[in-house]
Amino acid sequence: MTPEWKNPLANWGVEGAIETLPAKVWTSPQGIWDKVRESRIPLHKVGRLRYYYKWPGHGSRQWSRLRYWPTRRRVLDIRGQFNDKSKRREKTIADKRPIWWVLGLIAILLAPMLFPISVQSTLLTAGATFLIYSSINLCWMLIIGTAGIYSLASYAVVGASAFGTAYLSIQYGLPWYVLPFLGGVIGLVFGMVIALPATRLDGFYYALLTIGINELCRVYALQSKQFGSATGGLYGADSYLPAGLSPTSQSTFAYYCCFALMLGALFLYRFVDGRRLGRILRMAPEKREAFAEATGVNYRRARIQVFIISSIALGFIGGFYASHYRGVSFSIFGFDTVLLGLAMLVIGGIGTAEGAVVGTLIVIFLDKVLISAGPIRLIIIGAIMLGVVLFLRGGLFGIKAQFQVWRAKKKSERRSTRAEKGGEMLPEEATETHDKDLIYWRRYDKMQRDFLKTLVCDEIIAEHKRSPLGQHSEPLERLLLYFRRAPLVDKYAIITVEPFKAYRIVALSGHRGVAPRLVEDKIYTSQEDAYHGVFLRRVQDLLEA
Amino acid sequence: MDFGFIVTNAIVLACIYGGLAIGISITWSSLGLINLSYGFVFALSGYGAWLAAQYVSTNGAVVLLAGILTGALGGVLVCALAFIPIHDKPNFTVRGLIATLAINLIGTQGLMWWFGPRSKNLPEIFGTGKLHLGNIVLTADKVGNVVLSVAMLLLVLKWMRSSRRGLEIRAMMMNPHAAAIVGIGVRRTGFYVLAITGGLAGLASVLLSQTYYISPFGGLTPMIKGVAIALCGGLGSVLGAVIAAIVLGFNEALTSVLLGGQYVLITQFILIIIVLLIRPRGIAGILDKAREA
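Sequence order for the protein chains is U and Y. Just so we're aligned: the first sequence equals residues 0 to 544 in numbering that gives the first Met the number 0. Just so we're aligned: the second sequence equals residues 0 to 292 in numbering that gives the first Met the number 0.
So that you can see chain U by itself, here it is in the shape it has in the complex (with noise of 0.2 Å):
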């Protein structure tokens, strides 16, 4: 059975009034609502918000925290919050890196026990070149990262210094303690020297010159007598190994020691880079210089005493690598230390103690324990320091936060080929209006207009033609409620242009004094055809927009 709509008038006799007509299936406007208001984001349970576990919390211990000296730091960053839903107090470790740094180190103290027999000797050789170069790197990474000063003679610094003290101590016979403090003073005086051109060079400049003084040292040492030009290197200083040890044993304990060293290494960086310094460093990061100085903080000054401090710490290695290997070898000052150090901090991610560490354990096992391959790893570490600096901002540690941007991007980008722009107010046009009611009219009226399109039909129209006044069915009451209830401005109107013979339709102009103007050239010849021209135009209008 087709529904019909049922004239209420057609019992009271009124003139012209039909019965039933034909009508469409009755829609409810609150389906639109409905459709519009539902949310077609795909939704996973994982990945859409950063996920802590909830520790719970302590009542009493609440206010009892472990802070360590001479600071008042606490050792995890633990923020607490009341949850309002569950009614509980919970507890959540905000940055866990000091968990995955303790078990790191464990790993590291550890690890000569774990070594299989069979390349026991090669690994703890490895392990403590590994220890050695990290604690070089950490240094360096001060200069680079928390400095930012492009200094490429953190080795030059490193070989003066053993190359001086081995020669010091072949000479003078001074023992194995002196070493690294002798060590630091060379360092001193050598960072003094090479930061004089960095109060005035920009960081490439500065680049190439110190790229230009490892080379100056490595042909001056290649050259000079007494710095052993015949046998590659000077050798015979006081090594710190006592001496009634087996070759095991001995391996075991200058791994210790070397440990021992990163340890200082770490906890200078964490010193320089942690406080007052790195405070200052950071409020000066690259081409921010000008406002940091006119907010009154001297970071040249900061620079070269980061500089000067790394330089007394290399020198202090240099020192201690000549009595680890009884002496030095020119390799120290070559371009291919220079390079690997590089790729070492590089694929860590400059600007991170963990990525100085960490890239130099990647380095450090493909040279020193894949040696057998050949050139081909040395190719391989070259492939890598190249594929993080063509594709990663911040090397491997830089992976998540990388990660995290480019799937808000991704986010962003798929939020804006969803969003519907008919009448909707878009985000960056929704914050500038001042009337913010107008968003919500704009969204309502949209959703009305939507519900409305579905109302027009041939019967409907048909209706009109009939009769464009009085009763009407309820889809066209509708329709005709909301063309009436449209603004002033290019509303329709008919004008006469001779009583009961001719009008026309206008547009109204919404502006008192000004004229409507013409929309059309047509003439209606009665006043009932020209109320259904306006409708026409009116829902041609409609289902346009």
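Calculated from the structure, these hints are not laboratory results. Bear in mind that the values here come from a model prediction, so they are computed numbers and not experimental data. Keep in mind that a hint or two might mislead.
As the list claims (entries may be wrong) - Quick list of simulated restraints, FRET-style, between CB atoms:
(1) U:Y255 with Y:L276: 38 to 48 Å
(2) Y:P89 with U:H510: 22 to 32 Å
(3) U:F266 with Y:Y211: 40 to 50 Å
(4) U:F364 with Y:I83: 27 to 37 Å
(5) U:Y234 with Y:V61: 27 to 37 Å
Said to hold, decoys possible - Facing chain U, from chain Y, some residues (calculated, C-beta under 10 Å):
(6) I23
(7) I33
(8) A81
(9) P84
(10) T92
(11) V93
(12) T107
(13) A150
Said to hold, decoys possible - No farther apart than 25 Å at their CA atoms in a straight line, the calculated lysine-lysine pairs in the DSS-like style are these:
(14) Y:K88 with U:K286
(15) U:K399 with U:K53
(16) U:K464 with U:K23
(17) U:K399 with Y:K88
(18) Y:K88 with U:K408
(19) Y:K88 with U:K410
(20) U:K5 with U:K23
(21) U:K445 with U:K435
(22) U:K5 with U:K34
(23) U:K435 with U:K464
(24) U:K452 with U:K5
(25) U:K409 with Y:K88
(26) U:K23 with U:K500
(27) U:K435 with U:K34
(28) U:K53 with U:K95
The beta carbon of each residue, even a glycine, is placed where N, CA and C say it ideally should be.
Let chain U serve as the given structure and place chain Y on it in line with the hints.
Below, chain Y without anything else, positioned relative to chain U:
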């Protein structure tokens, strides 16, 4: 010690290193890339010339052309690997520097893997004639070196002054953003620039191998000298590089006469540091006109 011999030597070296320095300078000022894989391009073109001498012909022109072409090819390779993917990414200067260093590491180790560590030598392309000028004896290779490198430099400079591509490169050197706005393709110009500078490195490589040998790591010292000269002369200035090459060449000659050969690099770097402390952008680089990193 023969003073004339040392002076002529210094002039020859200054000509060769000057070509390298101008290559580094042009690359930096037009692309903002510090090309530290120059040593690899240098060694690669030496090997290219050696292969040509082995398998094609020992004619001087063929060897020279092979060296220059291999150098240009190496430059294009560097451009495709280190310039094209990251030239519009954040932090390009540091990343470009590190990428070219990585290419240098891969390339030199690859050359050593392929050709072995033994050094090769090229045939003498200028013959063995001698020229007497008063006291001074000029061998054919010295005269050939100076004439060829000066001619090549003049040719490149002429090309940069008078051709459409040269105009594009000079526009990029003046202001890369404005050049991009008026429709000069940054990537295309990158290929031209690196091919030209690679060709210069190839020429220098063949010329220098008249005195030294070709080895996988042989490009390092010329590159560092070229970088030092480019720094001292001011990155981006051809004239500054020429002046610096002459100054440093004479410094080298004087130091080896007065103090001894092992002090050459020390006096050279002291000189460079003094110049840079007085003028941080080199002899010719004017502070305001230098390219922002």
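Need the list of violated hint numbers for this structure, in ascending order.
Violated hints: 2, 5, 13, 22, 23, 26; rest satisfied.
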